[in-house]
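Given the structure of chain E, go ahead and fit chains S and L onto it with the hints provided.
Chain residues, written in single-letter form:
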Amino acid sequence: MYLVQFLLLSSILFCIGVYGVLARRNAVLVLMSIELILNAVNINLIAFGAFNGAQIPAEVFALFIIAVAAAEVGVGLALVLTIYRNSKSIDLHQVDLLKG
Amino acid sequence: MITTVASMVSAPVLGAVVAQNVFFYLIAAVMVIAALRVVTTSNIVHAALYLVVVLAGVAAQFLLLGAEFVGVTQVLVYIGAVIVLFLFGIMLTRAKVGNEDGLDHDNVIPAILTAVLLVLVMGYAVVDFAGDEEIDVLGNSPTTVEQVSDSIFSTYIVAFEAISVLLLAALIGAIVVARKE
Amino acid sequence: MNTTYLAAESGGLAVEASGFFLENVWIIPAIMAVSFAIILGFGKRMPRGGSEVGIAAVGVCFILALLTAGQWIGQVNEAANCTPKTCDYIEYSIDGVDHKGEAGYIPLDYEAYASDQAHAADDTHADDGESHDTDAEAHGDEDGDHSDDEAHAEDDDHSDEGAYPIDTNAGSPDGESASALTAFTEAEAGSTAAAAVAVVSERTWWSNGGINFTIGTMVDGLTVTLLVVVTLVSMLVHIYSTDYVAGDRRFTHYFGFLSLFTAAMLFFVTSANVLQMIVGWELVGVCSFALIGHWWEEQPNSDAALKAFLTNRVGDMGLLIGMIILFFASNEKWSIIDINAAAILGEGKGGTSHTMLLIASLCLLAAVMSKSGQFFLHTWLPDAMAGPTPVSALIHAATMVVAGVYLIARLYGVFFNGLSIGGSSINALAVIGAVTTLVGASLAFVQDDIKKVLAYSTISQLGYMTLALGVGAWTAAVFHLTTHALFKACLFLGAGSVSHAVHSFDMKKDMGGMRKFMPTTYKTFLIGSIALAGLPPLAGFWSKDEILAGTGGWGFFEGESHANGAYTIMLVMGMITAAMTAAYMTRVMYLTFFGEFRGGHHDDDHGHAAAGAHDDHAHHGDPHESGPRILWPLRILAGLAVVAGLMNLPKNFLGLPSGITLRFEHFVEPLAATGYFPKISHADPSWSLAIFSTLVVAGAVGVAYWYYFVKVNAQSPSATEMINGPTERSKLLKAGHTMLKNRYYLDHIYDSGAAVGAAGATAMGSIFGAAAGLTLGFSLDNGLDQALWSSLIWGMVLGLTVFTIVYLALRTGTGIASFTKRPLAYAANWVHENVIDAAVDEVGKNSVKTADALYKYIDQGVIDGSVNAAGRGSQGAGGELRRWSTGQVQQYATVMFAGATLLAGLLIIVL
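Residue numbers (my numbering), protein chains in the order written: chain E, -3 to 96; chain S, 12 to 192; chain L, 15 to 925.
Quick caveat, the hints were computed from the structure, so don't treat them as lab data.
Positions of the beta carbon are idealized from the N, C-alpha and C atoms, including for glycine.
Do not rely on the hints blindly, as some may be mistaken.
Taking lysine to any residue pairs in the SDA-like style, the calculated list, with each CA pair at most 25 Å apart, reads [unchecked claim]:
hint, chain 1, residue 1, chain 2, residue 2
1, E, Lys84, S, Val188
2, L, Lys523, L, Lys665
3, L, Lys859, S, Ala185
4, L, Lys870, S, Thr52
5, L, Lys665, L, Arg649
6, L, Lys870, L, Ala907
7, L, Lys863, L, Gln874
8, L, Lys523, L, Glu312
9, L, Lys665, L, Pro550
10, E, Lys84, S, Leu128
11, L, Lys863, S, Ala185
12, L, Lys537, L, Lys665
13, L, Lys863, S, Leu128
14, L, Lys530, L, Arg217
15, L, Lys725, L, Gln874
16, L, Lys859, S, Arg48
17, E, Lys84, S, Leu131
18, L, Lys863, S, Asn54
19, L, Lys537, L, Glu610
20, L, Lys863, L, Gly879
21, E, Lys84, S, Ala185
22, L, Lys863, S, Ser175
23, L, Lys537, L, Arg649
24, L, Lys863, S, Val188
25, L, Lys870, S, Asp117
26, L, Lys863, S, Thr52
27, L, Lys863, S, Asp117
28, E, Lys84, S, Ser53
29, L, Lys870, L, Ser880
30, L, Lys859, S, Leu131
31, L, Lys530, L, Lys665
32, L, Lys870, S, Leu131
Per the computed footprint, the stretches of chain E lying under chain S, defined by three or more beta-carbons under 8 Å from a beta-carbon of chain S, are [what the hints assert, rightly or not]:
hint, region
33, 42 to 48
34, 63 to 77
Using C-beta positions, here's what the derived DEER-type ranges look like [stated by the list, open to error]:
hint, chain 1, residue 1, chain 2, residue 2, range
35, L, Ala914, S, Ala92, 54 to 60 Å
36, S, Asn32, L, Trp219, 16 to 22 Å
37, S, Ile123, L, Pro314, 34 to 40 Å
38, S, Thr166, E, Asn82, 43 to 49 Å
39, L, Gly55, S, Leu177, 44 to 50 Å
40, S, Leu47, L, Phe342, 30 to 36 Å
Next up, chain E with everything else stripped away, as it sits in the complex:
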């Protein structure tokens, strides 16, 4: 297998995730897209680890990323819930407090 296979796969996933973050109005869907991005990063880590023979550090950091992602989802969903409670909607289109 070639390293580039995995890197390309993770790039594609990353970009799909970016598209989701930018284009989705539903806050939960945005959080899901962020998960896509984080997973793309993880694939990169493991692939490079296997490539360099440094599997252990790669796996450790992949695990850390998984932990951080879990925390991120928790806090993110808490935020979404608060938004929902305050505006009865999680449509990011309507969250425009920054409007100038």
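Below, chains S and L without anything else, positioned relative to chain E:
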């Protein structure tokens, strides 16, 4: 998995490599299609389920790369916990379980342009950097949970503690943020 | 650890079996799995709704199963005709590195063998039985390597345990054990018997933390028996179903699940390790759930499906815990052969300790009780009759419910040694079996629903098999499993044929006199009934009699001895059951086929079950015989029910040569020399016992005949019970009848008050907790004290937790069932509509969507958009600039990402 098959059957290493490639492309194709559906489907529950497919695919790629423990953790944490959390999020915010219009923002086109640009740039960079580097998964010695945990609790103990504090902070933060009143 | 147990324990020799079908048996379940996928994906578009795929697949599987069986028979014969000169006996090999054949892998991979072999390196393994034995002793002596100091003492143990002396409750131990030994030698003497070893083909699936998780198949006599039985019954049920559920609204779904079920069951019986067994076990459970609830629109059906599923979950806990205990107790091995071998080896020689085996086998027993409908977890099985009748025949009589029996038979080393079956007169397995068989038979008496009678009869017969395994009559149990599958499938399909005609299962209201309308069904049902009742020379007689003989006999008939113990109580209970079976089948025959037709009034309230599928012609006067697709399976099964008993004629029967008698035992039962099967004794056939049991059965038939055919019929041809009959005259009988009608109040106990349910659950939780704690304690090498403490604490913790949860759940008035029911049904429907159907629709939809997107984004968005953008661009800088501060976070993010990307691209180009 494949590593051990290969070490058992000494001659057809080539066969194992071919099998690895076949599986990689199969899984990758499924992942990309599912990921696209995550960000395009108009049914929010479907999106979560497609996300399951992507995450399972990631786990499968980890197994292909010989990182079994991370693969298993991926399944446990993501598919087991995170997706459930998402589904709860969907439920609590009373999203429609069914098709819903207007899930997409009105800056879809800029978003597509950005994403395509990004994939081009990254793709170019990646191919340029690692165009013909091979990963020798079969040659790597398989990693054990023991090694990973040893490493976490010795070399990366500080990072581990930091993650612990982060998780605690996230826990408290989530409660504080989501609390009523 | 002693790796030479093969020769040392048994004195026999083992020969590897091999052959294409034996090594590639995975093809059979794979075909069924593919068939399931095809039916689910494309079945609805096929002219016969996918049934043709299912029938073709199961037909191919049946042929493959027959070929596999043929190959196995060839291998056994070859092994039996072996002389040390002509055959390659198994060399004691490690880790499959240097084993001789391609398959046939004997997992003698205990680490210590390495050192043993180092010592014995110069000791050439001559191809000669004698030198194998000396070899064994040499190895035995070198046990000192790991078990410190007692090499010689151990050797003595060794020879003692090798024969499993019958523990005598009366008489001198020495004499008895000697006779047991003789008996064994005699049994073995007939076949100079090198044992054919199971064919195992395994691949590593994945490995983690130094443990290999393998996936593979194991084929021996037991496996091929089940392969043939499952595929045969499944094929006939498939054919039968094409008529029976014709026109059903979920016809395709039904055949899909039949395929999946067959695949799961075949996967289960070909498993090489216990992990695969767990997977197969759960898969058949799921299929059972789906098929019981096939007509889920009606509340009772979905309730029954749920009940079956939840009851099975209780036992599954036991299965998981038992398997985990076995894994740790037998040196972290998942393989069935390894686990059995370690169990048989015994504690002193590096195998599994007796305590562990006892706990594990009790946990597994819980699983067996739930899956095989043993008392007191049997209550789901009668309710499972809510499913379509062919499903009842396939799943709830012939195949799935015998999974529990199969589990015991497969892990017989564990049960045999764990429960000390040899040389005892009572053990948990035999008691559960005996109680179940009595309870089932007594309840079958009071049912009005013909399928319920057969369901309780199934419970009773499964109890018979468990009893047989409990008393050490392994072959008898497996033989009974086979014959029972044939005649019980025949009976169920016959009942389905009758209900197909009268649109009801109620014998008292809607049947009677069916003999005139359905002559073929009547004949086949009669044959099935006689086979079930156990009258010679039909199949049931031979297997039943073998079980009764296997209990060890009364002690006052001639020739009965040499069994594994003195299970007289079991014999008495088995005999009573035989009588009751004969009587209730006579009752069924009368109520269904004799007297006067009581049906003909087809109200709408019979809309359930079979009628549900046939709303289109609910109009006829007299019932009529079913079509050929229903009758031919009946004829085939009835024919087999007549002749199947000939497979295992008793030894020396009518002076027949040994090449004809005991064929089933010869081909199916693994010999102790294989190393994974305990050394069991075989009961001698007893003419007097056979005659006595036949008389008992005939007497029971006579009494029931007198009551129904003479007394009741004389009263009125359409009567179903005596007016002023015994139950109305005697208060005691009345009370008994009421109790039976209420099914021993078991369902009431399970359903009633929060406290009772919680108490039961707590007991269960405590037991499992204690077992888990004990294992944990032992596995951490903390010694007995620590283990007991750990057991106590875990038992209390788990018990309290379970109590709290169950009590709260019940107190809130919802109960577990209603709590899970609606979401489950909803989810199932949702998956069906949204995942399965949607996957098909999605293909079509997506092409529309693509075109749509082309229009929306490319045409409207890009082309029109660029035109509009040109227009907007001219609207003035003020308006443009204002658009950038919309407050839309995602727009800001877009700009940020786009900018960063551009910069990165620039960087790449520049560098």
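Hint check results:
Simply put, Lys84/E and Val188/S have alpha-carbon atoms about 16 Å apart, close enough for the 25 Å limit, and the pair holds. The straight-line distance between the Cα atoms of Lys523/L and Lys665/L is roughly 47 Å, outside the 25 Å bound, and the hint therefore fails. Distance hint between Lys859/L and Ala185/S is unfulfilled; the C-alpha atoms sit about 40 Å from each other, more than 25 Å. At most 25 Å may separate the alpha-carbon atoms for a hinted pair to count; Lys870/L and Thr52/S meet this at roughly 16 Å.
A C-alpha spacing of about 30 Å is found between Lys665/L and Arg649/L, which places the hinted pair above 25 Å, so the restraint is violated. Pair hint Lys870/L plus Ala907/L holds up; C-alpha atoms about 24 Å apart against a cutoff of 25 Å. The hinted pair formed by Lys863/L and Gln874/L meets the criterion: a straight-line CA distance of about 15 Å does not exceed 25 Å. A threshold of 25 Å between alpha carbons decides the hint, and for Lys523/L with Glu312/L the separation of about 22 Å falls inside it, so the pair holds.
A hinted pair counts as satisfied when its Cα atoms are at most 25 Å apart, and Lys665/L with Pro550/L qualifies at roughly 17 Å. Annotation: proposed proximity of Lys84/E to Leu128/S is violated, straight-line Cα distance about 36 Å (limit 25 Å). Of the pairs offered as hints, the one joining Lys863/L and Ala185/S is violated, with about 39 Å between alpha carbons and a cut-off of 25 Å exceeded. Taking the CA atoms of Lys537/L and Lys665/L, the gap is near 32 Å; set against the 25 Å cutoff, the hint is violated.
The hinted pair formed by Lys863/L and Leu128/S meets the criterion: a straight-line CA distance of about 24 Å does not exceed 25 Å. The hinted pair formed by Lys530/L and Arg217/L fails the criterion: a straight-line CA distance of about 58 Å is larger than 25 Å. For the given pair, Lys725/L sits about 89 Å from Gln874/L by alpha-carbon distance, which is inconsistent with the 25 Å threshold. Taking the CA atoms of Lys859/L and Arg48/S, the gap is about 13 Å. The hint holds against a cut of 25 Å.
A C-alpha spacing of about 39 Å is found between Lys84/E and Leu131/S, which places the hinted pair above 25 Å, so the restraint is violated. Straight-line distance between C-alpha atoms of Lys863/L and Asn54/S comes to about 14 Å, which keeps the hinted pair within the 25 Å bound. The hinted pair formed by Lys537/L and Glu610/L meets the criterion: a straight-line CA distance of about 18 Å does not exceed 25 Å. At roughly 20 Å between alpha-carbon atoms, Lys863/L and Gly879/L fall within 25 Å of each other, so this suggested pair holds.
Only pairs whose Cα atoms come within 25 Å are accepted, and Lys84/E paired with Ala185/S is accepted, the gap being roughly 19 Å. Taking the CA atoms of Lys863/L and Ser175/S, the gap is about 46 Å. The hint is violated against a cut of 25 Å. Distance restraint check for Lys537/L and Arg649/L: the Cα-Cα separation of roughly 9 Å lies within the 25 Å cut-off, and the hinted pair is therefore satisfied. Between Lys863/L and Val188/S, the direct Cα distance comes to roughly 40 Å. Violation of the 25 Å bound is thereby established for this hinted pair.
For the proposed pair Lys870/L and Asp117/S, the alpha carbon gap of about 12 Å is at most 25 Å, so the pair holds. For the hint linking Lys863/L to Thr52/S, the alpha-carbon distance of about 11 Å falls within 25 Å, and the restraint holds. For the proposed pair Lys863/L and Asp117/S, the alpha carbon gap of about 18 Å is at most 25 Å, so the pair holds. A distance of roughly 20 Å separates the Cα atoms of Lys84/E and Ser53/S; the hinted pair therefore holds under the 25 Å criterion.
Our distance criterion of 25 Å between C-alpha atoms is met by Lys870/L and Ser880/L, whose separation comes to about 13 Å. Restraint check: the Cα-Cα separation between Lys859/L and Leu131/S comes to about 29 Å, which exceeds 25 Å; the hinted pair is violated. Proximity of Lys530/L to Lys665/L is assessed by CA-CA distance (about 42 Å); at most 25 Å being required, the pair is judged violated. Straight-line distance between C-alpha atoms of Lys870/L and Leu131/S comes to about 24 Å, which keeps the hinted pair within the 25 Å bound.
Coverage of the region 42 to 48 of chain E by chain S holds in this model, with 5 residues showing a Cβ closer than 8 Å to a Cβ of that chain against a need of three. Residues of the region 63 to 77 of chain E with a Cβ under 8 Å from some Cβ of chain S number 14, which satisfies the need for three, so the listed coverage holds. Taking 54 to 60 Å as the suggested C-beta distance range, the pair Ala914/L and Ala92/S does not conform, at roughly 31 Å. Checked against the hint of 16 to 22 Å, the pair Asn32/S and Trp219/L passes, with Cβ atoms roughly 20 Å apart.
Look at Ile123/S against Pro314/L: about 54 Å separates their beta carbons, and that is not inside 34 to 40 Å. In this structure, Thr166/S and Asn82/E meet the distance hint of 43 to 49 Å, their C-beta atoms being roughly 45 Å apart. For the pair Gly55/L and Leu177/S, the supplied restraint of 44 to 50 Å holds, since their beta-carbon distance comes to about 45 Å. Range check, Leu47/S to Phe342/L: Cβ separation about 45 Å, and the 30 to 36 Å hint is violated.
Against the hints set out earlier in the document, violations occur for numbers 2, 3, 5, 10, 11, 12, 14, 15, 17, 22, 24, 30, 31, 35, 37 and 40.
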